[in-house]
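Per our numbering, residue 450 is the first one in the sequence shown, and the count goes up by one each step.
Everything labelled a hint here was simulated from the structure, so no lab data went into it.
Warning: the hint list may mix true and false statements.
[Said to hold, decoys possible] Cross-link-like lysine to aspartate or glutamate pairs, in silico, DMTMM-like; alpha carbons within 20 Å at most:
#, residue 1, residue 2
1, Lys599, Glu588
2, Lys511, Glu721
3, Lys599, Glu533
4, Lys527, Glu559
5, Lys841, Asp811
6, Lys511, Asp689
7, Lys842, Asp617
8, Lys848, Glu834
9, Lys584, Glu566
10, Lys848, Asp617
11, Lys607, Glu533
12, Lys599, Glu559
13, Lys607, Glu534
14, Lys855, Asp811
15, Lys630, Asp654
16, Lys848, Asp789
17, Lys511, Asp692
18, Lys778, Asp811
19, Lys488, Glu559
20, Lys639, Glu671
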Amino acid sequence: MSDGESLSTCGHSEIYCINPYEYLRKYKCKSCGEVMMCKCEEDFGRRFLPHQLNYGTDLVTKEKTKVTLGFQESVCNKCRGIPEEAHPRAEIHGCGTKIRRYYWREIECETIRRFGEWAEGHGYSNRFDARFKHKDIYESIEKKIIEEIKELHQHHPKYTYYEESQNDIIVNNNIDLINLKGVYIKNSGKGVKILDGTEPCSAEDFAAHYFERLGFNVVFMESSPLHALFGVFMFFLLQDLLDPKIMIWGVGDRDAFDMGFTGKAIWTLLPEDFGASGYYLRRAVEISEHFDALPSNRDDLLWLFDLWVDYSINLRQYLWAHRTKHVNKARAIISILPVDATIRILSYLIKDYWGNYLGWPDLLVYKGDEFFFAEVKSSSDKLSEDQKHWIKKNSSEIKLPFKLVKIHKIR
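Required output: the full structure, derived from the provided sequences and hints.
Put into structure tokens, the structure is as follows:
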């Protein structure tokens, strides 16, 4: 029986995409449980993505799901006459603009198609070899496609950009806003420079100096120290040999990479569904027991951190939380925050690691038992979508003291 023939009498009236972040999307019928792809993508899939024809990966559970019906007619929203849903990517490197974030799949699939055709026309049987040798051609094709999509979006937008404004985030989450003023100077390098007295400094340094003059201490943060904190305290649970989904993962040695060497690998144990919300749901009992077993005393928690830090190295390598400076800052977090606040951070991350690991504030500010996190924005800088996500989640779940610092330009 061919892929196009249905193995079921079900009309597949209720189907859903198991993972919208795959290039070749798979759809599951809620009634019969069959998994299929849309006929409109058959030519592209068979020609350019043959390795993705037989299986898909569930977004929530990360389980490998077998395609049972191959390509079927009228499966995707477009073929059914239903508006296509937006699934924007996070604001990671290379996805900073809304066009790249919202139209990432259209950009990459069309680039694969056009470059694949170019490679075939120039005698390449393997487009990956061609891409390695002709990176400039690939990038020029991608750039042209982005310009075409920009033009198309202006007149016939496929997706609606709806994102809460920075002001909405501040008002809706009752954010404490600190307004500072500074003299901005021209800077030939990356980022802005602001005069603190007569010395030029970054926006983060300017804010840190402001807090220090008020008698506070400041730790420069962002995400990596939190990843180190997570790696140290969660490796024992995540690498549980009794977990039926545990498997060996290989990653490039981050220390070697830092020194300019590539090709060296390290190996670590992780569950197949690591980082997905499905892991939290599947292991809810074990996660609760793990948190209950952690010390409730700060000194004991620091002792455990020191004990576990070396054992967690392979997991921290995987998380890019291997550097000593990030481990030291993670330890500082434990010494500053109440234990229950540290546990709330770990709980937030384990619920959906890949959904929650970005967007953390720039600074941890403290004096005695008083502490708060601070995100610093220069006059022209806006909150990213990851930062907006963190602020909303902090207001509803983590509940850490937080302030937004805005440094206005003195005219």
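* Is Lys778 close enough to Asp811, meaning Cα to Cα at most 20 Å? -> holds (12 Å)
* Hinted pair Lys584 and Glu566, Cα distance within 20 Å -> holds (15 Å)
* Asked: Does Asp811 lie within 20 Å of Lys855 when you go C-alpha to C-alpha?
  -> Measuring from Cα to Cα gives roughly 13 Å; hence the hint holds.
* Holds or violated: Lys639 with Glu671, Cα cutoff 20 Å? -> holds (17 Å)
* Pair hint outcome, Lys599 versus Glu559 [Cα-Cα no greater than 20 Å] -> holds (14 Å)
* **Holds or violated: Lys848 to Asp789, with C-alpha atoms at most 20 Å apart** => holds (11 Å)
* To do: Take the C-alpha atoms of Lys842 and Asp617, compute the straight-line distance between them, and say whether it is at most 20 Å.
  => Measuring from Cα to Cα gives roughly 15 Å; hence the hint holds.
* Holds or violated: Lys630 with Asp654, Cα cutoff 20 Å? -> Measuring from Cα to Cα gives roughly 14 Å; hence the hint holds.
* Asked: Holds or violated: Lys599 with Glu588, Cα cutoff 20 Å?
  -> holds (16 Å)
* With a cut-off of 20 Å on the C-alpha distance, tell me whether Lys511 and Glu721 pass. => Holds, at roughly 7 Å.
* To do: Decide if the proposed pair is consistent with the structure: Lys511 and Asp689, CA atoms, cutoff 20 Å inclusive.
  => holds (18 Å)
* For the pair supplied as a hint, Lys607 and Glu533, confirm whether the alpha-carbon distance does not exceed 20 Å. => Holds. Lys607 to Glu533 sits at ~7 Å (cutoff 20 Å).
Violated hints: none; the structure is consistent with every hint.
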